Amino acid sequence: MNQFAISAANLVKEFKVNKHVVTAVNGLSLQVAPGETFGLIGPDGAGKTTTTRVILGLLSRTSGESSVLGFDSMNDMYQIRERVGYIAQQFSLPPNLTVMENMLFFAGVHSVDAEEQKKRIPELLAFAGLSEFSNRLAGKLSGGMKKKLALACSLIHEPQVVMLDEPTLGVDPVSRREFWNLLGNLRAEKGLTIFICTPYMDEAERCTRVGLIYEGKLIVDDSPANIKRVIPGHLLEFTPSDFSSALKLCNEMNGVLEVQTYGEKLHVFVDDVLKCKTQIEDALASQGIAYDHLREIEVRMEEAFISLIRRQKESVEQNEMIGEVR
Amino acid sequence: MSAEPFTARNHELPILIQNLTKRFGDFTAVDNVSFNVQSGEVFGWLGPNGAGKTTTIRMLLGLIKPTSGNAFVLGFDSATQTKLVHANVGYMSQQFTLYSDLTAMQNIRFYGGVHGLSSDELRQRIAEIIRTAGLEGRENTLTGSLSGGWKQRLALGCAIVHHPKVVFLDEPTAGVDPISRRQFWELIYQMAKEGVTVLVTTHYMDEAELCQRVGFITGGKLVALDSVSQLKQTQMRGQVLEIGASDPEKAMRILKAAQLNGRIPFDEVALYGAQIHAVMPDAQKYKEAIQRLLMGEDVQVSSIERVAPTLEDVFISSVKAPAAIV
Chain A
82 MNQFAISAAN LVKEFKVNKH VVTAVNGLSL QVAPGETFGL IGPDGAGKTT TTRVILGLLS
142 RTSGESSVLG FDSMNDMYQI RERVGYIAQQ FSLPPNLTVM ENMLFFAGVH SVDAEEQKKR
202 IPELLAFAGL SEFSNRLAGK LSGGMKKKLA LACSLIHEPQ VVMLDEPTLG VDPVSRREFW
262 NLLGNLRAEK GLTIFICTPY MDEAERCTRV GLIYEGKLIV DDSPANIKRV IPGHLLEFTP
322 SDFSSALKLC NEMNGVLEVQ TYGEKLHVFV DDVLKCKTQI EDALASQGIA YDHLREIEVR
382 MEEAFISLIR RQKESVEQNE MIGEVR
Chain W
100 MSAEPFTARN HELPILIQNL TKRFGDFTAV DNVSFNVQSG EVFGWLGPNG AGKTTTIRML
160 LGLIKPTSGN AFVLGFDSAT QTKLVHANVG YMSQQFTLYS DLTAMQNIRF YGGVHGLSSD
220 ELRQRIAEII RTAGLEGREN TLTGSLSGGW KQRLALGCAI VHHPKVVFLD EPTAGVDPIS
280 RRQFWELIYQ MAKEGVTVLV TTHYMDEAEL CQRVGFITGG KLVALDSVSQ LKQTQMRGQV
340 LEIGASDPEK AMRILKAAQL NGRIPFDEVA LYGAQIHAVM PDAQKYKEAI QRLLMGEDVQ
400 VSSIERVAPT LEDVFISSVK APAAIV
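So the protein sequences, as listed, match chains A and W.
Counting in the working numbering, the first sequence tops out at residue 407, every number present.
Counting in the working numbering, the second sequence tops out at residue 425, every number present.
For reference, chain W alone in the conformation it holds in the complex (with noise of 0.2 Å):
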């Protein structure tokens, strides 16, 4: 489908937002935010619930109108040329919407249908889903009786049955397991060398690393918007010490007392799986004074040093304290 021509200036780039807000009430969902993703990339969306992910893709989807700014997707106006957009990207949400007294086959069919694709390309493309999605031999099982995995994939295969050029998926791997997500996070890759643009949004900060650039949404507002590595040299504030002990739970609370009594100016201590992670000004300095705390409450310390902040460490330092909006 090619009817309209493209506005001269936006067709380069698959998602461009500009100055775009969304008001319910006196809320503010969506606070002036702007960015543009490029073509081929893989673009994380990242945000505390409520921060406004979901709204902004709603808004690029023309699902709701903007209360002022604009939303293009492949140089088509989201509000006013819905259609257009629709028919050009893939969208997945966390429900994925697949009928579950269908067939595996039947959904991607019925999908297909939908977007109007022939028989043959119908054909071509349903042996091409359930090759690359991994669903040979579950073909025929009916959609209700596969696993999150199975299924994640299955609906990732249906938002895609039309080929699009950009691809939005909202949480697509919640409550999914470990390898599942990897085999979800190469199918995306793969989308993504063909040249399709994806937006993602995830809580799991390890995918989030994934990413090829990420922008923070909090409270409506964008606070960060870069690669992986620049956010993590630009939005820390303060050094990532990281801190093995032999009771990681008695450990948090001797570190967090020295945090409320002021002994130690850390600027966030939390449990990283069983490592603590301490975020301090001057991690150096205090590496010995942290070390000295523990021991002397007979909390053994296997390992401290000075590591790279973790994408995760970045988030929750940038939707603490929102730095400089871009």
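Looking at chain A on its own, in the form it has when it is part of the complex (with noise of 0.2 Å):
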């Protein structure tokens, strides 16, 4: 038994398709502790939710370890099926089932008996806000109200640990916050363990550690704060009448560490926010180049996320380049 909710060590996992070798996770380690709210994050295809599936057992491992609760993923599946929720990316709930038939439908999956139902299915429905709601059919649900349900049948076996893939996928920003919010609760009053991949950056701050996923790695693990200020400079942010030239003269700009653009923003990273800002407005200003909002933004997980996949990036093309030219 280890003290961690959830572990991998150099976890692996090939594919073969079509007779090539898919490497999905790749030499995988990262390690949740009990009360975690781990977050893992990653560009799309990275391998968030094949990690996710093989830390469950629902795949196996090509080789490395993994565990769940001190289980090993591949020969104690059913331990992990017992104490875990697991909300599936994409994941459909019965429609022509009822709220209170879906519950007890997910009730008898897992074997809760009818005691136990009877006390748990009411709390449920009561935490997600769905009490008044248990005769409604399931597809008759907004899209929050889904994935509110979803969140109350994963529970239904009081799992130490939930493992949700992008649980809020297509929700509008008041169920999402509504969601978090239920999350919020689950940590605060039953420490229960959650471990979600998102691509909400806004989400990834809510977490109390996020691992940032690259070509099947981890390549960041760290708390949403500590991997902000990992970000060197301070960021700028403007809208430029001219966006192309606006561009290129913050990249050829001295002072001027990276610049990231976003619809008819820029975002450029500064070593010193006095010195080019005034410098920036100087050179908008003799280009003629108009601008408004020009000011200092906190760095937000998005902007981080951003910078370190780019420099990943980079990274990996000059160690080709080294390669190459060796």
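Rather than coming from a laboratory, the hints here were simulated on the basis of the structure.
Please note that a few of the clues may not be correct.
Derived pair list, reagent style SDA-like, types lysine to any residue, alpha-carbon separation capped at 25 Å [stated by the list, open to error]:
1) Lys-329(A) - Asp-373(A)
2) Lys-292(W) - Glu-111(W)
3) Lys-292(W) - Glu-318(A)
4) Lys-309(A) - Gly-116(A)
5) Lys-419(W) - Val-255(A)
6) Lys-271(A) - Glu-348(W)
7) Lys-355(W) - Ser-326(W)
8) Lys-349(W) - Lys-394(A)
9) Lys-394(A) - Glu-238(W)
10) Lys-309(A) - Lys-221(A)
11) Lys-164(W) - Gly-220(A)
12) Lys-346(A) - Ser-326(W)
13) Lys-419(W) - Ser-223(A)
14) Lys-97(A) - Ser-244(W)
15) Lys-349(W) - Arg-290(A)
16) Lys-221(A) - Gly-124(W)
17) Lys-271(A) - Asp-303(A)
18) Lys-349(W) - Asp-381(W)
19) Lys-386(W) - Glu-379(A)
20) Lys-386(W) - Pro-347(W)
21) Lys-386(W) - Ala-169(A)
22) Lys-221(A) - Ala-169(A)
23) Lys-221(A) - Phe-195(W)
24) Lys-221(A) - Ser-192(W)
As the structure is a prediction and not an experimental result, all values here were calculated from the model.
With the hints as a guide, bring both chains together as one complex.
Written as structure tokens, this is what we have:
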């Protein structure tokens, strides 16, 4: 028995696709302590879902180790299933069953006895704010309510760990907030360990720790605050009237560390705010480029993510070039 | 294709909706909605799940008929001149309708064929789309094995293969990573610069901030319609105080309790990434009281200042208490 809720060491998962071997998870190691909310983030196709499924024992691993609550992913699948709640990516609940019938169905799957069902189902429905909808067909629920029902169903067997794969996809901001408030309550009241894959960087900010996965490897593993601190420089934001000229101008400027673009906006990382702000304003003015809202903003996980991935790509390309020279 | 004459009154407007209503049985999905979109505009069509966004788009595309009112695209009546509408618009939904067993190039060729492009036009368009969508090197990859961001850009390419003047994008960026989202928005802006009109729905409020104008729909009713900066001034009830705290979850519970017992008249307290956004009538007045309250419970306050509302703040404010109909 180890002390970690979730643990993986040198985890490798290979798939055979048309006689080619594709390595989806490539020597990944991570540890999640009990009570943590761990966010797994990364570019599309980096291996988030595969990692989650291998750890759960839904896919067999090629090599390495992985366990949940000390139970081995491959050998102790049933022990894991009894103790872990899981929401799969783009899951669907039986739409022709009511909210109550869905709860009963999942209770049955997890062999929750009748006495316990009577107690837990009303509690979970109240927790998810679905008590008054218990007779509504799941197919008739709004997107946000479906996600909350899925969460309630995944908790029916009182798991110690929940693994959620992009649980708020396609959900509006109000419902997303409500979903995260529910997770916050679970964490505060039950000390539940939460493992969540998410493409939303504001959700990543709410995790106690974040792992950034890139080409099947964990390249960053830290608290959101520490991850943001690693990004060098200060961040200026503005909207220029002539986007491509402004972009070129910033890219060539002294003191500019990195430029990110977003729609019509430019995000410019600089070493010295006062110096560079004046410098940029002067340069824009001299080229007759209008702009608005030139100001310093806080670095968010969003900008940190883009910066980290960009640097990772550059270092991989550099290594490849060095390799070719050799 | 240019057959029927434009109706004189509407031909300037790419999208024009007048008193549009759609009922399904006794459920009103879209309720007397009117707005228009100007040429070359990037228009954000926002609202909670089930608010009527997709139903509106389906009426604009002529896929379903309005119960009453009219939808015009480029002056064509969507309900009666559907073929003309289809010949001139591009549509991309959240479930990209790409053939996974065709290569990227074959998908573009297929959609080009559907729209009746000649082989010369097709050759030229394929090259253009592969280049602008950044699909070089993936031309012959099976679509099924492309990752999210690639697939999404290919889907957009297929949707615009026939050079449409108006493009409808229904949650095009759901579930793709931050880098792909930015690349996608660069494509949107590129199209807009070339004079294409874009109507886009999204649940990412940071993306909605990139739209030139947005409409909020909730419960089938249009509740706000303006530029992002105007909406922040007119639709936001109260002022936003941004609070950075050592333990944001604990700070949230303290502030929620203060809201419930009426100690501080918050309209809304919510986590926004790692920061707390508290909305109240007079931020300056309660700033010190909030700070004292948190410090008194051993929560360190690292920053507390009034900030301009984000579009997410406005969204939640509008959706919770719809203001006057535009």
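Hint by hint, here is what the structure shows:
{"no.": "1", "hint": "Lys-329(A) - Asp-373(A)", "in the structure": "holds (18 Å)"}
{"no.": "2", "hint": "Lys-292(W) - Glu-111(W)", "in the structure": "holds (18 Å)"}
{"no.": "3", "hint": "Lys-292(W) - Glu-318(A)", "in the structure": "holds (22 Å)"}
{"no.": "4", "hint": "Lys-309(A) - Gly-116(A)", "in the structure": "holds (23 Å)"}
{"no.": "5", "hint": "Lys-419(W) - Val-255(A)", "in the structure": "holds (9 Å)"}
{"no.": "6", "hint": "Lys-271(A) - Glu-348(W)", "in the structure": "holds (14 Å)"}
{"no.": "7", "hint": "Lys-355(W) - Ser-326(W)", "in the structure": "violated (32 Å)"}
{"no.": "8", "hint": "Lys-349(W) - Lys-394(A)", "in the structure": "violated (38 Å)"}
{"no.": "9", "hint": "Lys-394(A) - Glu-238(W)", "in the structure": "holds (22 Å)"}
{"no.": "10", "hint": "Lys-309(A) - Lys-221(A)", "in the structure": "violated (41 Å)"}
{"no.": "11", "hint": "Lys-164(W) - Gly-220(A)", "in the structure": "holds (24 Å)"}
{"no.": "12", "hint": "Lys-346(A) - Ser-326(W)", "in the structure": "holds (16 Å)"}
{"no.": "13", "hint": "Lys-419(W) - Ser-223(A)", "in the structure": "holds (16 Å)"}
{"no.": "14", "hint": "Lys-97(A) - Ser-244(W)", "in the structure": "holds (13 Å)"}
{"no.": "15", "hint": "Lys-349(W) - Arg-290(A)", "in the structure": "holds (17 Å)"}
{"no.": "16", "hint": "Lys-221(A) - Gly-124(W)", "in the structure": "holds (14 Å)"}
{"no.": "17", "hint": "Lys-271(A) - Asp-303(A)", "in the structure": "holds (23 Å)"}
{"no.": "18", "hint": "Lys-349(W) - Asp-381(W)", "in the structure": "holds (23 Å)"}
{"no.": "19", "hint": "Lys-386(W) - Glu-379(A)", "in the structure": "holds (21 Å)"}
{"no.": "20", "hint": "Lys-386(W) - Pro-347(W)", "in the structure": "holds (17 Å)"}
{"no.": "21", "hint": "Lys-386(W) - Ala-169(A)", "in the structure": "violated (42 Å)"}
{"no.": "22", "hint": "Lys-221(A) - Ala-169(A)", "in the structure": "holds (20 Å)"}
{"no.": "23", "hint": "Lys-221(A) - Phe-195(W)", "in the structure": "holds (24 Å)"}
{"no.": "24", "hint": "Lys-221(A) - Ser-192(W)", "in the structure": "holds (21 Å)"}
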